[in-house]
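Engineer: Make a model of the complete structure from these sequences and hints.
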Amino acid sequence: MKRFSGDISLVFGGAAGMGVRTVETLLVAVLKREGYNVFACKEYMSRIRGGSNSTSIRITNKKRTAFVNRIDFLFAMDRDVIAHLQERITKDSVVLGERERICPSTDGLGRVSDECCVIDVPFARFARELGNPIYTNTVTVGVALGILRADEKFFEEYLREHFTRKGEEVVKNNISAAQKGYAFGKHIAYHEGIEVHLTKNKAVANEILLDGTKALGLGALAAHCNYISSYPMSPGTGVLTFLSQHGKDFGIVVDQAEDEIAAINQGLGAWYAGARAMVTTSGGGFDLMAEGVSLSGIIETPIVVHIGQRPGPATGLPTRTEQADLNLVLYAGHGEFPRAIFAPGTSEEAFFVMQQAFHIADKYQIPVFVLSDQYFLDSVKSLPRKNLQNVKSKNYIIKTAADYKRYVLIDDGVSPRGVPGYGEGLVGVDSDEHDEAAHITESDAVRKAMHEKRLRKMLGVCADAIAPTEIGDPKNANTLVVVWGSNRGVLEEALEILAHDDMAGLHFCQIYPLSKKTKKLLAKKKIVVLENNFSGQFANLLKSEYGVKIWRNLLQYNGSPFAVEDVVQRLKRLL
Amino acid sequence: MLDKKLYDMPHNTDMAWCPGCGNFPILNIVKMALSELDIPPQKAVICSGIGQAAKAPHYLRVNYFNGLHGRALPPAIAIKAVNPKLTVIAESGDGDTYGEGGNHFLHTIRRNPNIANIVHDNMIYGLTKGQASPTSEKGLKNPLQPAGVIIEQFNPLAVALACGATFVSRAFSGDIVQTKEIIKAAIKHEGYALVDVFQPCVVFNKQNTYQWFKEKTYYVDENYDKTDKLKALEIAFDLERLALGVIYQVTGKPTYETLVREGDAPLYETKTNQKELENLIDAYK
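Keeping their order, the protein sequence lines are chains S and U.
Sequential numbering from 1 applies to the first sequence in my numbering.
Sequential numbering from 1001 applies to the second sequence in my numbering.
Worth flagging that the hints you see were computed from the coordinates, not collected in a lab.
There may be inaccurate statements among the hints.
If the Cβ cut is set under 8 Å, some of the chain U residues that face chain S in the computed set are [as the list claims (entries may be wrong)]:
no.: 1; residue: Val-1045
no.: 2; residue: Arg-1061
no.: 3; residue: Asn-1066
no.: 4; residue: Leu-1068
no.: 5; residue: Pro-1074
no.: 6; residue: Pro-1075
no.: 7; residue: Ile-1077
no.: 8; residue: Ala-1078
no.: 9; residue: Leu-1086
no.: 10; residue: Val-1260
no.: 11; residue: Thr-1272
no.: 12; residue: Tyr-1284
All of these numbers come straight from a predicted model, not from anything done at the bench.
Glycine is no exception: its CB is placed at the ideal position from the N, C-alpha and C atoms.
Structural biologist: Next up, the structure:
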């Protein structure tokens, strides 16, 4: 008898090309339609076929957006996934696999562990009975839904919607595959005494399902992005693909750059001419853009760069997750000039922060960075439509008069920005040190004035900084756990589990410059910083900005996201 | 025809070029070309990188993007796509365009944006004081290679042709009228137009002098078939007799701007389709 109540973790794993992703897409969409809170998070190898990839799908009563190690059900689409995930399989896990696939020998399914329950499920056999192994994924989803005792009709509706264009035969076969799987799933649940209790919510059924990539992409659209030039690099490519797919509908110029240097220089040319451009990449690609960042700084032309972080150095783990490029993004580009850095932790923040990035870049004529990571970009969750907030956009471009000077020395440092061809004036920008008219200068006095003008803009950027999100009661708790970027969900859940009055949290979705409120929030607290890197980069930033002492660093840098169980355990030891 | 004085900077403008530099006539030619083509300063943008040649945009009245070394072409592509009504010229030296910017040279040509790419080719690095450039002749003695350049000379015309350039030409700064006509043709050409302009560097290149160019170069005659690509390649590979003029031109190929966007309204005039965005978000239910 196995009882699951309120929180269940289904993991699907197999070789690349077997359909792990397809299963995730189908199952998550169908469950959400029925009103279940779902959270899916994938891990995969840097290859197109073979290897071992998996997706972990949580279904919870309360909305959760964090990864758990625990596996309640493992759908083993091949044999290798069992060894690959063995650290997460316990005696309480139920492993479902096809005898002929996961263990070819005749003595039954090989022992995964001596204790856990292994069930033979004829995924592929059912598909073959319907005439094509391609239906295996549909069968698999059916089995999962059967075990969960979910409502079949949502799956059938979904299959009909998605396969209508392939003809009635395909639709019919998929529905049969689903039904076969579903019946078998129900049978397993009955036979093994598996009971699943999960609440459904009508409101969830009407929510939108997004991964981090889509949330950022939609945010870019909401920000009126109309130009993107980028070079494909995991995990940043998704945003480029998203914008290319919608390019025509939204009038976006999409260019696949020959290299990352071209990408950022195109972006700057685009802004110079009056467009709103972004670039997307990962750490290694961003390394190549450093001079372009410096260029943005001196020509005072906006640019928005999205960096999807992955473990380095160099090629590192191309398809895994880390938060180790904070220092890179903070210091990239020789010389001194203002910048801002955002790091969203939820889909809502991604949508909002992307707009804010364009707004700040435009308002202050500076480079602005949006940091995400593979875990964030690939995690799927649902959210209410109304949570997507629009940032009111303002036009900062001016029509130039005949005597226009691009870099007029001005109190707040922001010289009004004209664009070529709009007005009587001429618009020049110059990577050399320059005078007000944008011409090359070697005068030390002009250099001093111009440099101070540029750096003065930082005051405005700081004033516009977003305050951190308070989790629990940070004002009264003595211990503050600080996170940034994708770790908001895991901290929220861990703190809720610990339910300790004296421990609260802060999440930063803008990590540079830090909001003025930060100093007061951190004062006189025991500060714990949790992040996915080795050196405690954000902790170091807090130290250097505020001189605060960091009590503990909770670090992870193995390519995987923090698991709720690990965070709970590590925080507990601190109490 | 606009008054050439429209493009003139104030009389006391300090110009950081050496007396006798080929950059002076080229600057003058560009002003004449723009005025004869009726392109006012407000409607032209010159993108340049870094080097002596790349200072050119500072010495005439025009919009300009004086960016990084080797990186004149990417902004030029973007500016033209964002506002196709602007005349966009990318202007830099041979080191900037063919060395540091080599990758952009290859792939910009493939896109065929409607820009004129004027390369001041003095076959040396002037501003950094005399090192070899990609177009330096083999054997040229210079500060970094006292025994002379040991690797093959870069052939911009041949490379441009191989990448699919729709307009390939060479000029000589000593011939004002002819160079002006070539540059005008390049600006008028609908697509990427390369003008490799030979010029002497009086301070650092003692080999490829004004006299040397005068003796080595000749103009393709008026009956020359500009659409014959193989003939153009043959000419490009001839390092003994250096052809001047438009050696290749085809028209009717789509320009990059027409491939990546609709219409020619500047992108700062367009607004996001809110309804479309709402529909897209709803599609994620």
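Engineer: Evaluate each hint against the coordinates.
Structural biologist: Evaluated hints:
A cut of 8 Å between beta carbons decides the hint on U/Val-1045: the least distance to chain S is about 5 Å, and the hint holds. For the restraint placing U/Arg-1061 at the interface with chain S, the shortest Cβ-Cβ distance is roughly 6 Å, inside the 8 Å limit, so the hint holds. Hint on U/Asn-1066 holds. Least Cβ distance to chain S is approximately 4 Å, under the 8 Å limit. Here the hint on U/Leu-1068 is kept, as its CB sits about 5 Å from the closest CB of chain S, short of 8 Å.
The restraint placing U/Pro-1074 at the interface with chain S holds, with a minimum CB-CB distance near 4 Å, inside the 8 Å limit. Taking 8 Å as the C-beta cut-off, the interface hint given for U/Pro-1075 holds, the closest approach to chain S being about 3 Å. For the restraint placing U/Ile-1077 at the interface with chain S, the shortest Cβ-Cβ distance is roughly 6 Å, inside the 8 Å limit, so the hint holds. A hinted interface residue such as U/Ala-1078 counts as satisfied when its beta carbon comes closer than 8 Å to some beta carbon of chain S; here the least separation is about 3 Å, so the hint holds.
Interface hint at U/Leu-1086: satisfied, since its Cβ lies 5 Å from the closest Cβ of chain S, which is below the 8 Å cut-off. The closest approach between the C-beta of U/Val-1260 and any C-beta of chain S is roughly 5 Å, which is under the 8 Å cut-off, so the hint is satisfied. Interface hint status for U/Thr-1272: upheld, as the beta-carbon distance to the closest one in chain S is roughly 5 Å, under 8 Å. Checking U/Tyr-1284 against chain S by beta carbon gives a least distance of about 4 Å; that is within 8 Å, so the hint holds.
Violated hints for the displayed structure: none, as all numbered hints are satisfied.
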